[in-house]
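Asks: Kindly produce the complete structure, drawing on both the sequences and the hints.
Those protein sequence lines, which keep their order, are chains H and R. According to numbering that gives the first Met the number 0, the first sequence holds residues 0 to 356 in order. According to numbering that gives the first Met the number 0, the second sequence holds residues 0 to 356 in order.
Hints are computed from structural coordinates only; laboratory data are not their basis. Keep in mind that this is a model prediction, so the values were computed, not measured. We treat Cβ as the ideally placed atom computed from N, Cα and C, and that holds for glycine.
With beta-carbon atoms standing in for the labels, derived distance ranges: (1) R:Glu285 with H:Gly322: 23 to 33 Å; (2) R:Trp255 with H:Glu291: 47 to 57 Å; (3) H:Glu319 with R:Glu285: 26 to 36 Å.
Chain H residues, not near chain R, derived (Cβ > 12 Å throughout): (4) Asp16; (5) Asn35; (6) Glu213; (7) Arg215; (8) Glu216; (9) Lys265; (10) Ala282.
Chain by chain, the residues run as shown.
There are 2 protein chains.
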Amino acid sequence: MTGDTGRIGGEHADLLDDLLAGKHRALARVITKIENRDPGYRDLVSALHDHTGSSEVVGITGSPGAGKSTLVDKVANYYRERGETVGVIAVDPSSPFTGGAVLGDRIRMASNVGDMDVFFRSMSARGTLGGLSTATTDAVKALDAFGKDKILIETVGAGQNEIDVVKTADTVAVLVPPESGDNVQMLKAGILEIGDVFVVNKADLDGADRTVQELREMLHMRDDRAATLSTGHHGASRSQGGSEDSEDGDDERERWDPRIVETVAKDGDGVPEFVETLADHRAYLERSGRLEAKARTRYAEEIRNLLRDDVGELLEDEIERRGGMAELVAGVMARETDPYSVADEVIDPLEGCLDDS
Amino acid sequence: MTGDTGRIGGEHADLLDDLLAGKHRALARVITKIENRDPGYRDLVSALHDHTGSSEVVGITGSPGAGKSTLVDKVANYYRERGETVGVIAVDPSSPFTGGAVLGDRIRMASNVGDMDVFFRSMSARGTLGGLSTATTDAVKALDAFGKDKILIETVGAGQNEIDVVKTADTVAVLVPPESGDNVQMLKAGILEIGDVFVVNKADLDGADRTVQELREMLHMRDDRAATLSTGHHGASRSQGGSEDSEDGDDERERWDPRIVETVAKDGDGVPEFVETLADHRAYLERSGRLEAKARTRYAEEIRNLLRDDVGELLEDEIERRGGMAELVAGVMARETDPYSVADEVIDPLEGCLDDS
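Replies: Rendered as structure tokens:
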């Protein structure tokens, strides 16, 4: 019940206390502040961190029309019926708008349940897409600190940005509609690589069996490719400054073979099996130590993303102070200077500064 | 004949003078220094800049087996026969090795011509891939300052990294083999978006007509999509800190409709038409002002890439000074600190420093 109010001021301290006390209105306001990058949101997220770590976070992605929102609704209700609390974040990287427009109907639906234990929230692209992934991570923290048992991150599409967003989850489920020709789409976005559970939804339609079969073959190819990558490219992936706990190289540990589940979300068919498979994956993560490894990787990436964004802003400010990029480029065009000299001029003060500190 | 030796020391000043005097051995050594990031390479590239701006740079990409190297050889020889000098850089982002292994045969072939006016050089991934794109840009500068009339950048594959590399050219040609099922592959990599000229090579094979037809349709879709993007997403693409002179929004100016050329590179068929199409695109770039706009965009990106790399190194050093990322993450895992606080601690000294300067 007591907020970690060390760093934050009055209004935010109250807000944090209300959130931790289980007030949904405070939760909604915190997520709005996160989304808008309101002044002080950083300290708020900092303070949330101490209260996180107990939610189970599942990311659900797949091409539009695969039936994600229907499945998410069914899963959320299923959890609710078991007495668990649920938060849903629906992310739309392609939309320039914010707010709940997309999910208006679903918010009403949730209200019909009579309580707010299924908390729906949509987030859309504001500013950079990298920022959306950070904002999603931060919103998950808010739900986690609030005490939601389950958090579902649902994406609207299935592109690279969606993948970045959904990777912030512990378990990733990928929805595939039968006979959609969408296998291509999946390969395109690299979505095959990130799925722990694949759901062939609308399994009552013709072609579902064939889709399951094709998926099985593609996953088989994926595993072969992964094996190649982990031997051939380990060094390279390290040097790109990516993860601390690489998912390669843990060949000694228990492995998770991606599962395929068939559902007919609109009728609720297969939902219990899907939920059980998610639980299996969760148990695997805990048992194998992968849950902790994933958390480490995620925090390292989070820190690097924050640093990159922050430093990017610093550099933009510095570029502005020097007359703006157009001005710098004009000098390069006129052969008065060159890109390396420009970079040196901007960076040198920083370098000297770190040496001194 | 006089090098811009203001910033650089004795050995490098001589090297630069030799390069500017047309010595191929010096050109090769400079590119090796660029590739290896030898001490002093930055000043060397800085000094090159003043002598650049007269080469015509063409990037050639496409999936493996499309016949890129054969076409590049034919095009290079065609230019040679017209009395123009040519430099070729073959880039292989997927190879961890450096040196000329891949192109051994072709280097011998070039020697058979009897002179070195077709200068071949392969470059592979060393360090980060972002670095390869920078290294290619720098190598192009060396060839440009040397005085090559034409510079061809050839990629081995056709993935995202190849796209980044080939985008450093003024004109991008994309090779497509007929009936390869590679249309999918192209869409995947976003390669369709970057081509100014599409070459259906091996046009004597069955299915070439169909491939031309499919390509035409895909390019049509591309133009529709581009129109949507330039209205809907202009702001978003700006805010990602990308180009200064966005390719969107110049609707007033003359447009280039991508062309499709058919070739049988091994027999030289269609090579004159291809070369002529490249010249048409070049003329369009000059006439429309796009050549200068592209240069501006490229310099801005070059500066931003250099800044990002430099600052990335600074941050990595700073992270090391604070015990390394694993240590920082351990604090976050133990809830002693959190990602935002860690980022603040690392960034704050930099911020203060820039304010002071």
